[in-house]
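The task is simple: from the sequences and hints, build the whole structure.
Just so we're aligned, residue 0 is where the first sequence starts under numbering that gives the first Met the number 0, counting upward by one.
Hints are computed from structural coordinates only; laboratory data are not their basis.
Everything numeric in this text was worked out from a predicted model, so none of it was measured.
A virtual CB, placed ideally from N, CA and C, is assigned to each residue, including glycine.
This list has only true hints and no planted wrong ones.
In silico DSS-like cross-links for lysine-lysine, where the CA-CA straight-line distance does not exceed 27 Å:
#1 K381 x K362
#2 K221 x K264
#3 K377 x K362
#4 K343 x K291
#5 K47 x K378
#6 K509 x K548
#7 K431 x K404
#8 K256 x K221
#9 K466 x K361
Here are the computed distance ranges between Cβ atoms for each label pair:
#10 K343 x R536: 48 to 58 Å
#11 E446 x T265: 47 to 57 Å
#12 V271 x S124: 48 to 58 Å
#13 P135 x I339: 50 to 60 Å
#14 R92 x K364: 51 to 61 Å
#15 D348 x S89: 24 to 34 Å
#16 R198 x K343: 44 to 54 Å
#17 K378 x R166: 46 to 56 Å
#18 S89 x L273: 43 to 53 Å
#19 A475 x D331: 42 to 52 Å
#20 I569 x K378: 51 to 61 Å
#21 D348 x Q478: 39 to 49 Å
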Amino acid sequence: MAMSKISLRKCNGILSISSFHISYSYFSSYSRSSKVKGRVVLNFEKLKCLDDAVTLFHQMVRMKPLPSVVDFSKLFKTMTSMKHYSPVLSLFRQMRKLGIPIDGFILNSVINSYCLMHRADFGFSVLPIYLKNGIPFNNVTFTTLIRGIFAENKVKDAVELFKKLVREKICVPDEIMYATVMSGLSKRGHTQKTLSLLRLMEQGNTQPDIYMYNIVIDALCKDGNLDAAINILNEMKQKGIHPDILTYNSLIDGLCKLGQWEKVKTLFSEMVNLNMYPDVRTFTILTDGLCKEGKVEDAEEVMKHMVEKGVEPNVITYNVIMDGYCLRGQLDRARRIFDILIDKGIEPDIFSYNILINGYCKKKKLSKAMQLFREISKKGSKPNIVTYNTILQGLFEVGRIGVAKQLFVEMVSTGPVPNLSIYHTLLDGYFKYRLVEEAMSLFNKLEGKKENIDITSYNIIINGLSKNGELDKAHAIFQKLSSIGLLPDVRIYTTMITGFCLQGLLDEAKDMLRKMEGNNCLPDNVTYNVIVQGYLRCRKINEMVTFMKEMTGRGFSFDTTTTELLVNAISENPSVVDMLPELHAEIKK
DNA sequence: ATAGGGTTAG
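Given below as structure tokens:
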């Protein structure tokens with residue numbers, strides 16, 4: 000049987016079949032030729048860009064005999080992995096028009112493309128095509144849809160579909176479907192539901208495997224629930240399911256974040272004893288844990304150690320170290336690390352830039368930050384939403400409003416689509432510089448598109464208005480919150496209380512505190528400090544003492560500002576001390 | 001033969 004190997008070279012329209020180079024015109028006659036028989040082997044790995052894929056598709060549909068549906072599936076898969084989702088759909092439409100046979104594999108691919116475009120609804124609209132063509136649905140079809148629904152954060156819908164499939168016996172969920180549901184739940188913070196599903200599986204016919212255990216353990220670790228995570232670890236061991244490097248990496252990460260270094264050591268030795276070698280992620284987790292505690296030197300030791308063990312640090316390892324130095328304000332050190340990374344031939348990624356830019360912004364070195372910002376595009380990369388947010392915050396911080404506005408305009412025209420964080424930065428910035436009208440006009444625009452606003456946005460507005468002498472307006476907005484279905488949270492109550500205190504309206508502040516408790520929203524440390532500060536500033540010591548007792552009774556304490564105000568009040572009028580027997584020892588210090 | 005799943009960094 001004659002077999003020809005066809006590959007596409009770059010986008011230049013030249014095909015090579017075996018060792019021959021032929022042009023399109025030749026190829027056309029080839030495809031008309033009835034002499035060529037047997038299967039044509041298409042090489043999809045050589046496809047470099049969308050054009051390659053589309054060109055190949057057009058060649059494929061002209062081939063006689065037509066390539067098998069398997070080849071079309073492979074082409075779609077290649078395109079999907081290049082993130083060209085919508086072209087997959089247009090090619091699929093062309094296949095349908097040309098009457099090219101389809102199967103369940105290709106339909107699942109089409110659904111996956113829709114899902115990856117965050118259009119699971121269109122994914123569902125593919126289902127009738129299965130029915131019309133007598134193609135059965137299978138677990139892949141539904142798993143793909145469930146994953147797509149989760150990707151749109153529609154947790155309830157995803158779970159409902161899964162339950163319906165089980166309840167109505169439309170399919171028998173396999174390991175992958177369970178893992179997909181569990182991963183979808185765990186990534187969105189539903190750890191208990193994830194755990195419940197694991198328990199449900201244990202009772203059924205499909206036993207959980209290492210994947211499910213890893214998902215559950217990782218979710219528990221991310222919640223800081225290490226005791227539960229370690230219990231699950233022991234359970235799986237007992238069942239004869241061996242933990243793998245992912246299990247250990249999740250656990251070590253959780254323990255590092257809790258600062259439980261002794262337990263980190265124990266688990267680290269345990270994995271080594273099991274002949275499981277710590278990988279670049281393990282070491283990066285340790286590096287990160289140390290950096291977050293300010294122990295960057297120790298982190299650098301870990302990096303040396305890993306190199307000795309033959310594990311090469313990657314860009315993330317270096318990023319973690321850079322961030323460690325930035326957190327300590329050692330920008331020069333961070334910039335060395337950056338240069339070392341480049342020296343080693345490792346490409347800095349957008350995180351590397353964001354870390355350094357953030358470091359410079361925190362030090363108010365905006366020209367350095369901007370310089371790096373411009374470098375990103377020159378190096379062929381693109382600033383992302385975090386980059387813009389960091390720079391915008393930095394610019395507002397140093398009062399360069401004009402440049403900030405310019406940058407925002409630039410972002411709207413060429414950058415990533417602004418998200419809520421960006422708008423919050425702008426609103427905060429405008430209020431900070433008393434640009435109340437600008438802030439409010441932006442806010443009104445955002446309010447028009449309801450999905451673009453949340454309780455934090457209102458917090459910024461209420462805070463901004465009350466700090467700019469518009470307490471009444473702030474209060475009015477606060478009062479309409481419940482009518483638009485937003486429940487005030489502790490932060491927003493505290494903002495209102497702060498506003499009242501700043502105007503010396505202490506009765507209103509007190510009423511608000513009682514009101515929040517009535518609404519089952521308990522004041523926190525900040526709330527109490529704010530109200531105590533209000534009374535201290537007005538030298539209303541008796542009332543202050545009432546709240547002081549209340550807050551200490553609830554386990555809260557004075558912050559530095561409150562303490563300072565108290566010290567001032569005492570130095571002004573030493574008899575204040577007599578009213579504070581509980582604090583005598585503290586005050587003497 | 002071709003379609004769906006788990007870990008680290010801002």
